[in-house]
Amino acid sequence: MNLNWTAILPEIFITLTALGVLGIDLFYTRYQKDKTLNAIVTLSGMGIAFLLLPFLSAKTQIFTSLFVLDPLAIFFKMVFLISGSMTALISINYLKMEGFDLGEYYGVLLFSILGMMVMASANDFILIYLGLELMTVSFYVLSGFFKTDLRSNEAALKYLILGGFASALFLYGISLLYGVTGSTEISYIAGYLTEQTRTGADSVAGVTSAVLSHPLLSLSLIMLLAGLCFKVAAVPFHMWTPDVYEGAPTSVTAFMSVGPKAAGFVVMLRVLLVALGALEKQWMVILAVISILTMTLGNIVAIAQQNVKRMLAYSSIAHAGYILLGIVASARVLTAGSASVVFYILSYAFMNLGAFTVLLALRKEDKQTGLMVPAMDLEDFSGLSKRDPLTAFLMLIFMFSLTGIPPTAGFVGKFYLFMSAVDANLVWLAVIGVINSAISAYYYLRILVYIYMKEPKVVQSVDNSSSLWVALYVMALATLLIGILPNLLFNVARASVVSLF
Amino acid sequence: MPYILCFTVNRFMSPIPLSYYLVVSTLIFFIGMLGVLTRRNVLIILMSIELMLNAANINFIVFSYYLNSLRGQIFVFFVMTVAAAEAAVGLAVIVYLFRNKNTVNDDEFSLMRW
Amino acid sequence: MSQKNERILSYLLKSIKYPGKQQITSCLSRRDTSVKKYASFKHEEKDLTAFLIFSTLAILGALLTVTARNPIYSVLFLAMTFLQISGLYALLQAEFIAIVQIAVYAGAIMVLFLFVVMFLDVKEIATEKNFHPIAPVCLILALVLLGEFLVFIFYKPSREGGLSETVTAVGQIYGTAENIGRTLFSQYLLPFEVASILLLMAIVGAVVLAKR
Amino acid sequence: METMLWVIPALPLLASIVTILGGKRWIREKSHWLPCIGVGISFLLSLITFFQVWNRGTLHQVLYSWISSGDFQVNLTLQVDPLTAVMVVVVSGVSFLIHIYSIGYMHGDEGYHRFFSFISLFTFSMLMLVLSADFLLLYVFWEAVGLCSYLLIGHWYYKKSAADAGKKAFIVNRVGDFGFGLGVMLLFTTFGTLDYQTIFSRSGEFVGKTFPMFGIEFDLLTLTCLLLFMGAIGKSAQFPLHVWLPDAMEGPTPVSALIHAATMVTAGVYLVARCYPLYNLAPKALFIVALIGGFTVFFAATIGLVQNDIKRVLAYSTISQLGYMFMALGVGAYVAAIFHLVTHAFFKALLFLASGSVIHALGGEQDMRNMGGLKDKIPGTYWAFLIGALALAGIPPLAGFWSKDEILMGTFKAGYYVLWILGSATAFMTAFYIFRLIFMTFFGDFRGRHGVEHPIHESPPVMLYPLTVLAILSIFAGWMLGFPPEHGFIHTFLAPTLAETQGTAPLPETTEGGAGLMFFSILVAALGILTAWMFYVKRPEMPVRFAETYPSTYDWLLHKYWFDEIYDTLFVNPTKQFANFLWQGFDDSVIDGVINGIARGIDVMSAKLRRLQSGYLQQYALSMVIGVIVILGIYLLIV
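Protein chains in written order, with my numbering: chain W, 1 to 501; chain Y, 1001 to 1114; chain R, 2001 to 2212; chain Z, 3001 to 3639.
Note that these hints are calculated values from the structure, not bench results. These numbers come from a predicted model, not from an experiment. Please note that the accuracy of each hint is not assured.
Taking lysine-lysine pairs in the DSSO-like style, the calculated list, with each CA pair at most 27 Å apart, reads [as the list claims (entries may be wrong)]:
| no. | chain 1 | residue 1 | chain 2 | residue 2 |
| --- | --- | --- | --- | --- |
| 1 | R | K2129 | Y | K1101 |
| 2 | Z | K3168 | W | K386 |
| 3 | R | K2211 | W | K33 |
| 4 | W | K457 | Z | K3030 |
| 5 | Y | K1101 | W | K367 |
| 6 | W | K281 | W | K367 |
| 7 | Z | K3168 | W | K454 |
| 8 | R | K2211 | W | K147 |
| 9 | W | K96 | Y | K1101 |
| 10 | W | K386 | W | K367 |
| 11 | W | K147 | W | K367 |
| 12 | R | K2129 | W | K96 |
| 13 | W | K454 | Z | K3160 |
| 14 | W | K386 | W | K281 |
| 15 | Z | K3030 | Z | K3159 |
| 16 | W | K454 | W | K96 |
| 17 | R | K2211 | Y | K1101 |
| 18 | W | K96 | W | K33 |
| 19 | W | K386 | Z | K3209 |
| 20 | W | K454 | Z | K3030 |
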């Protein structure tokens, strides 16, 4: 068997780094006061993996085509590594402040990134499932990382049970798909189904062949959709999201709202557009309805939230709805649609991580104990512009971007998404999307109203650790740069999806 | 060579139609789902999830048999690994939940809502 | 293929009076695993009986698992279910998986569950209300979904006629340890490594969470 | 050079960014260097561009495409046609001079770096505004110059009046920009693009098309033009949105000179001139432009007659002069409008800078009643001021005469006799108020407090050089550009831009009566100066007597036609009262239904929907199951 090992070099590096981080904890514990060393090793490992990625030859398949390294995979791995390293940066001081400065955090974080990277490259449902579980199980651990915090406990429990439930549904779908098509390999399934379409069309003009209209295939499609929709938090499989996001440590929430979601979408792209591309008529309608429900419910319920973390959780549900809209559009306009999806995911990664980081950095004085505790409520943001204009301004950038106000990444991303919907003759869908972003302005800008127009209600302080601020600057800069120079990146996104089809 | 799913298998090949197996797996899947939906005890919910995974496993093995491919069996092997991992982490979560709250009933964990 | 596994399987098959055991054990005893040798293998009518026994017990066990008041009983019923499912695997010529099912599921995982059940205060748990107040609604909804599933499974597409003719011969590949092992360590090496990392991660995670 | 167009705005931007980032900590009192050098180089490049346009015609440069999705593209395109070339040279030139002037004027200010950074940023925005090749970019930088103006008016933000003035400018401009934004949207829905060339070349197709709004069919082009003109009214401080400009004088004087006299306020004129192809097809809109311009000319000048704050007189003068430009555009004297824009930029900047020099000399004193007799104390400033005043008054051969006279001539020839009378009367008043200013400031005895008199000193050379350059320009620019009338350099230069417009009705090519009109306006101007001399030098008690004889008129003018009060009573107070009325008089449900209905509806829905999130894990699983059930059920029913 001819193995091209270089293609999985980044994954190997991440694994070795994870083992190294765990090793440091084992053998080096007594010499170190805090876990900064672990963080540094983590960051450098991710950095090396990131730098390796562009040098790998794209479009290689190894392990008898289980694993592909196409531009799409490279693009998404970069997204994972960037958001992962940002998460590591913002975690350093946060974990110390919360009193859970454990080295295993970074190890588990790396394992979850490894899972995502495997998902991005998987060309076989076996690998997709394993990557998905590696990622999910890591997040069970991460979301319950604050062991004495009851909310964190609850988040871990809810994520564990519902995640297990969803992955059982997903697995059932895979098993049926295997039964119908005889394989679990994505490119094989795609070829098989398109062949069926062709022969079916040959025999009786205009009628889909029996395999394509086979009920078990439809059933498996729905089960797969249910599992994937759970991962990307689409209605009605979204219920876990607000609770888990609220309860999990903020750094984990920040990553959870970006990494697994992006991984879910890359799998969705491969499964729906490639493997089940022949069934587009079937999934398009379902997904369109889910997309509308997702963004509408996410946006509307977000309005009622007073807890900013929970509000951002609902907002991330709404954003999943926008991205699903792009996937629906790509059923008709393949390249433009999926390119807009990929582009939006990257923009979303920066702006959402940024918003969560500001939330994480902000602390307030607890009235009873006098200790600084994480600020979560809308009220805690009031008058931030007077206390700390720079942080306030960064939050403004992120909120503008999430709302979709130019010249930020969010605007351009939404623009491409809605434009691809229009190109796909789904104007009504684009209109619903635009209405939804108008609704979303209500709660995003409300935060800014609190920040800029109210007087401070509580004593606030902002985390001043340099690692956090490096991450914050990077994200704000990226949010602005993507908004100012979107075309460069969009071409990259387009090039990355072209290889899919 | 296209693999096609069949329901009415030649009796000389196998006396047990594929659909029988599918019914069994579906029933087990649903019993597992019922467990998740109705039980309060988190431990039993975890077990129910294991049941659901096993139902999917039965499907894999059955299809593997009827399709003449080993892939399904390999998949089941990996599913077992995953189930073990999930069970380990899940039980760890349950243990520390019990330590903090002295209960393993899922409806007593509703601190976060709305 | 180790001698040990072989013995366990034959023991298992003997103990459940499997009608076709003669054939299977004879297959196992031969070292040759090439697929062609088994091509002529034929099922007997009695397979159906075994299937019915296994599946009935499995479903019953599953039902008892989710309805048992005491988690300990649940664990035991679950173990029983797993054993029956393992029997189904054996019927489908997936020997290695059948063994692993017993070793991993009925063995390791169930013991883990049992350990945790014992660790927690069993008595207190057992006396509480077992079901949610809205359980009947769940039951009805689950039955609706079950109905839908069954419709999907038994529903025949209008132009299905031509399909059954192209059915391939069934059960020609044996899931022996050797077959599985060869495939696993050649074609599926990468998933195997990922699975091992997953296990390592689970151990680390479990330790982090459960240690005081 | 064609590919280097972007350098022109980029240099001020770069200078601005570096200055704001490093100003406070590292550059400090050297903050002026980068902006001055940057703007200076851009000015040189603008000149080169100008000559290139002269030789080769319009230049284009696509910088990069911001967004492209299928057919839809938003390109960042720069374009220099003759109109833009004139604007670019004026903007960068005047801006450069004012940068230099500010070195002296702002010396020692604690916000020194901030000032230079913002004024440089303003130059960038203004250059981009005139360089842009489509309405989107125009709109973006239209807002950007507004923002810079806001920041600079509020430069001394700790002064309440300055902060209020900034706010007022911002809000009043918002009213105009609202219309402008609607206009741009209307353009986009009509043409499917915002590119100038496409819109102007295709505008002929839409003549006579209507656009339904509120159930009434509006003429499409007229509506578009009027909406765009709303933006111009706001930015160029025309009646009735002129109220912000006099208050904007709270900003530092260089800001008043650059933004509120020479460049930003002319953006409205530029806009209408730029959209002339559209206006040409909408004569009704042009008529309204002429009407508003003509009225503003007269009305602002009357207020200017009695103001006592030196900068406010100039502010009203600016409003009035901008009115001339709109009047010219409205009557079809397109070139005359741009010509006046150029000459006005020179002499009004000169006047403002000179007044700044006066204020500087008097240590911040702005009230003319406390001045007088400064002629000998600050002779340089005096001469500069005098040249500016003569140019403004329209005394040949200074700049203002040629352009203003051409406007009046154009108005007369186009048959707008009423407007011509208003314009001529204003010419008289202009001469009067500007010489009133001169006489009150530089002649007679010093009326200020004695303590102030002592440190009166001539401004440093760094402030006088720009004055000299502007004075020279005020003397020569007029006849160099505009002689002979209607066939001067500027006319031939701008001809290509005008030729692009469709269906332009050229003005009758007669100079018949031209000499007579010219003589008449010289007479009027001279009469104005003479009257001022009579009032303020010969018999200084006359104005007081005049005010006592006609107290109501005087009051009326002094209080600027009570415009601020009228707005207070008409808009601000009724809004408050109406709000009170609604609050107290109406049932909550009515308010909910009418104003907050939708928002409240969403709120209620939000509050209801969030209850779905019960917090019980098992219900979450149930929701997933229900989701699958529903999808499968729909499948069974449909497929």
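Hints, one by one, checked against the model:
no. : hint                : in the structure
1   : K2129(R) x K1101(Y) : 17 Å, holds
2   : K3168(Z) x K386(W)  : 23 Å, holds
3   : K2211(R) x K33(W)   : 20 Å, holds
4   : K457(W) x K3030(Z)  : 41 Å, violated
5   : K1101(Y) x K367(W)  : 26 Å, holds
6   : K281(W) x K367(W)   : 57 Å, violated
7   : K3168(Z) x K454(W)  : 21 Å, holds
8   : K2211(R) x K147(W)  : 10 Å, holds
9   : K96(W) x K1101(Y)   : 25 Å, holds
10  : K386(W) x K367(W)   : 21 Å, holds
11  : K147(W) x K367(W)   : 24 Å, holds
12  : K2129(R) x K96(W)   : 41 Å, violated
13  : K454(W) x K3160(Z)  : 20 Å, holds
14  : K386(W) x K281(W)   : 54 Å, violated
15  : K3030(Z) x K3159(Z) : 25 Å, holds
16  : K454(W) x K96(W)    : 31 Å, violated
17  : K2211(R) x K1101(Y) : 16 Å, holds
18  : K96(W) x K33(W)     : 11 Å, holds
19  : K386(W) x K3209(Z)  : 52 Å, violated
20  : K454(W) x K3030(Z)  : 37 Å, violated
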